[in-house]
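The opening residue of the sequence shown carries number 406 in our numbering; numbering runs sequentially from there.
It is possible that some hints are incorrect.
To be verified - Derived pair list, reagent style SDA-like, types lysine to any residue, alpha-carbon separation capped at 20 Å: (1) 615 / 593; (2) 594 / 482; (3) 615 / 590; (4) 615 / 600.
Said to hold, decoys possible - Computed beta-carbon distance windows for the label pairs: (5) 468 / 660: 20 to 26 Å; (6) 665 / 505: 40 to 46 Å; (7) 569 / 500: 23 to 29 Å.
Quick caveat, the hints were computed from the structure, so don't treat them as lab data.
These figures come from a predicted structure and were not determined experimentally.
All residues carry an ideal CB built from backbone N, CA and C; glycine is no exception.
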Amino acid sequence: MTDPDQLRLLAVHAHPDDESSKGAATMAKYVAEGVRVLVATATGGERGSVLNPAMDRPEVWERLPQIRVEEMARAREILGVEQEFLGFVDSGLPEGDPMPPLPEGCFALLPVEEAAAPLVALIRRFRPQVMTTYDERGGYPHPDHIKTHEISVHAFEAAGDPDRYPELGEPWQVSKLYYHMSFTLPRTKALHEAILATGSESPYAEWLAKWDPAHDISHRVTTRVPCGEYFPVRDAALIAHATQIDPLGRWFACPVETQQQVWPTEDYELARSLVDTPTPEDDLFTGIRSEVTAR
C-alpha cells in the first residue's frame, strides 16, 4: 500500500548499471530527502559484455547473468533505492555490416503493448508522481534503450486509463515524465576545459572532435537538479557494477571535485506534464510538492 503523503519517483532503465550512470545522484538526493524511489530494470543484462579488464575471466563469463543481478543488488543498496526487474531478456548490441538480426524473443523485438504491461502494473502498484526514462533515441541507439523509451511513454499514457489493461490494477496517472539529458555539448565542453585548465589531459578530446553540433540536445534541457554532493554516491554505485565499469576508465577520468564545481547538476527534459510547472526547473517534483509532503 502506498502512502498518499509520500513523494514517489519511478526510474525506468534498460539494464543493470544504467540506473547508476544516468540520474543516480538525483535519486540519491531524493532518497536522502525522504522520497521513495523505485528503479524498474527492463532486462537482466544477460547479453552484456565484460567491460572491465580486471573482471574478464572465464569464471565471470560463466556466471555473468547472475553476477549482474548481484551487482544490481549492491548498487541498489548504495543508492538507497528500491528496484525490480520487469523480466525481459537483453537484446544485446548488434555489431557488423550488415547488422545481424536481434535474438528471437528478446526485449527489443516484443510488441510495445506486450512489453509495457509489466510497467503499467508496476506504475499502478507503486503510484509514482514522477517517472524518468530515455528520450526517443534511447540516450544512445541501443535497441533495449529505444524499447525502454517506447514502453515508458506507452505506460505513462496507459496506466491512468481504466479502459486499458483493466486486469492490471486500479488506474494511476503519473503527473510528470522526464528524459535524461546526460551527455550534452555544453556540459562536455565545460568539463573538458576545466580539466585542461589544470594541465591534465582531457578524456573528452576525442568525443568533442567527433561531435556534430547539429545533434546536440542541450536546447531540450528544461530541468537541472542540483545534486553534486551525491556524485560520490553515484560513483560508488557505478563501481558496484564491476563487470561493466572500469574504475580506471573514462567514467572516472574527470575528478569528482571538478564535476561538482563546473557542472553540479543532472539534467532532464520535461517531456510530459499534467501539472502546472513553469520551466526552467530545479526539482522533478515542481508543481507536485504543494499537494504532497515528503516524509
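(message) A range of 23 to 29 Å was offered for this pair. Does it hold for the Cβ distance of residue 569 and residue 500?
(response) violated, 37 Å
(request) Would you check the hint for residue 615 and residue 593, treating anything up to 20 Å between C-alpha atoms as holding? (result) Holds. Residue 615 to residue 593 sits at ~12 Å (cutoff 20 Å).
(request) Would you mind confirming whether the straight-line C-alpha gap from residue 594 to residue 482 stays at or under 20 Å? (result) It is violated: about 33 Å lies between the C-alpha atoms, which goes past 20 Å.
(request) Mind checking the alpha carbons of residue 615 and residue 600 for me, to see if they're no more than 20 Å apart? (result) holds, 19 Å
(message) Hint check: residue 615 vs residue 590, CA-CA at most 20 Å. Holds or violated?
(response) holds, 11 Å
(message) The hint says 20 to 26 Å between residue 468 and residue 660; measuring C-beta to C-beta, is that right?
(response) violated, 34 Å
(request) Hint says 40 to 46 Å; check whether the CB-CB distance for residue 665 and residue 505 agrees. (result) holds, 42 Å
Hint violations for this structure: numbers 2, 5, 7, all remaining hints satisfied.
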